[in-house]
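K.L.:
Sequence:
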Amino acid sequence: SILQGIVLDKEIVHSGMPKKVTNSKIALINTALEIEKTEIDAKINISTPEQMKSFLDEENKMLKTMVDKITNVGATVLFCQKGIDDMSQHYLAKAGILAVRRIKESDLTKLAKASGARIVTNLDDLSEKDLGAADLVEERKVEEDRWVFVEGCKHPKSVTILLRAGSQRVVDEVERGVHDAIMVVKDVMELPSIVAGGGAPETFAATQITSWAKSLEGREQLAAEKFAEALEAIPLALSENAGMDPIDTLAMLRSKQLKGNKWTGIDVMKGQVTDLKSSNIIEPLAVKNQVISAATEAACMILRIDDVIATAKSAGPPPGAEGGMPPGMGGMPPGMGGMPDMGGMM
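Counting from 1, one number per residue, gives the positions in the sequence shown under UniProt numbering.
Derived from the structure by calculation, the hints contain no laboratory data.
Calculated cross-link-like contacts (lysine-lysine; reagent style DSSO-like; alpha-carbon spacing at most 30 Å):
id	residue 1	residue 2
1	K20	K61
2	K69	K20
3	K214	K262
4	K25	K157
5	K37	K104
6	K64	K37
7	K69	K82
8	K141	K94
9	K19	K61
10	K20	K104
11	K82	K61
12	K82	K19
13	K61	K10
14	K259	K288
15	K113	K154
16	K82	K157
17	K94	K113
18	K53	K43
19	K129	K64
20	K61	K25
21	K61	K104
22	K20	K94
23	K214	K259
Pairwise CB distance ranges (calculated):
id	residue 1	residue 2	range
24	D307	K277	45 to 51 Å
25	I305	L163	41 to 47 Å
26	S293	G177	21 to 27 Å
27	S278	K214	31 to 37 Å
Cβ atoms here follow ideal geometry from the backbone N, Cα and C, with glycine treated the same way.
Kindly generate the complete structure, drawing on both the sequences and the hints.
P.N.:
In structure tokens form, the structure reads like this:
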């Protein structure tokens with residue numbers, strides 16, 4: 001399903017916060033709602049309970065001031081790239097604000113594109129103009145996890161396609177298929193031109209190149225003919241996969257195209273050579289250009305190789321060689337096998 005918004009694999013930070021907010025005003029910040037640590041080491045000596053209470057009260061006051069800056073601009077939903085202190089969570093929940101912390105930078109950018117909000121780095125600069133909007137922000141349980149759904153964004157520049165399947169393997173396959181389809185649409189939008197599928201453009205190009213090759217002299221003619229032959233590998237493979245006779249199919253395809261029907265190609269589903277324009281079997285021109293260009297560049301790269309030097313296999317020990325230590329290393333040197341000859345006892 002396509003959602004006019006963003007889905008985050010995060011959950012709300014505090015149980016007391018609302019799980020659902022309609023007509024939400026969204027604030028995006030990439031600073032922490034926590035007390036910042038000082039850059040220098042400092043020690044505070046507290047000797048009485050009153051001093052401890054004053055210290056904690058001052059911290060809570062600073063956190064309350066941060067939250068007040070968010071509530072004063074009218075935000076009802078907060079997405080924070082960094083951490084949110086426990087006391088800040090309490091104040092946000094008390095104000096009825098739904099908050100999510102530790103959002104990835106990429107997700108925060110997507111939220112900005114979808115909701116129209118601006119990412120704020122300093123709470124002092126937060127204003128009502130920086131807020132985005134969405135019809136619904138809700139936490140939902142998906143299997144064992146909890147996700148936050150941001151839906152109903154007005155004119156979103158970033159949307160979400162939610163894929164579901166029985167296993168991760170199926171999800172991965174569906175994701176690849178959807179990605180390929182989106183890229184095809186992208187190519188058509190960038191270069192709004194199409195050609196016929198079914199091997200029609202390859203056959204037409206091969207016929208034209210073969211005719212042009214006759215005007216060449218020397219080895220260039222052979223190279224051009226082989227290039228045309230390589231292009232015809234596409235219709236030959238399609239016809240063979242469709243259970244058709246490759247030679248007869250290619251001959252029929254050439255004949256019909258020479259009669260003026262450039263859209264003639266192989267309809268694999270019907271197993272026949274037909275007009276593919278009427279059958280809506282088409283391909284983006286950008287994809288076809290990329291395929292032929294990449295194949296040509298690969299062939300040229302291989303042809304530039306003059307020689308191949310194969311690495312010789314490492315030679316093993318000579319046949320019949322004994323294993324173990326070299327001769328003379330198996331024990332002690334000669335004459336050292338026992339006690340020296342003392343010539344008898346005195």
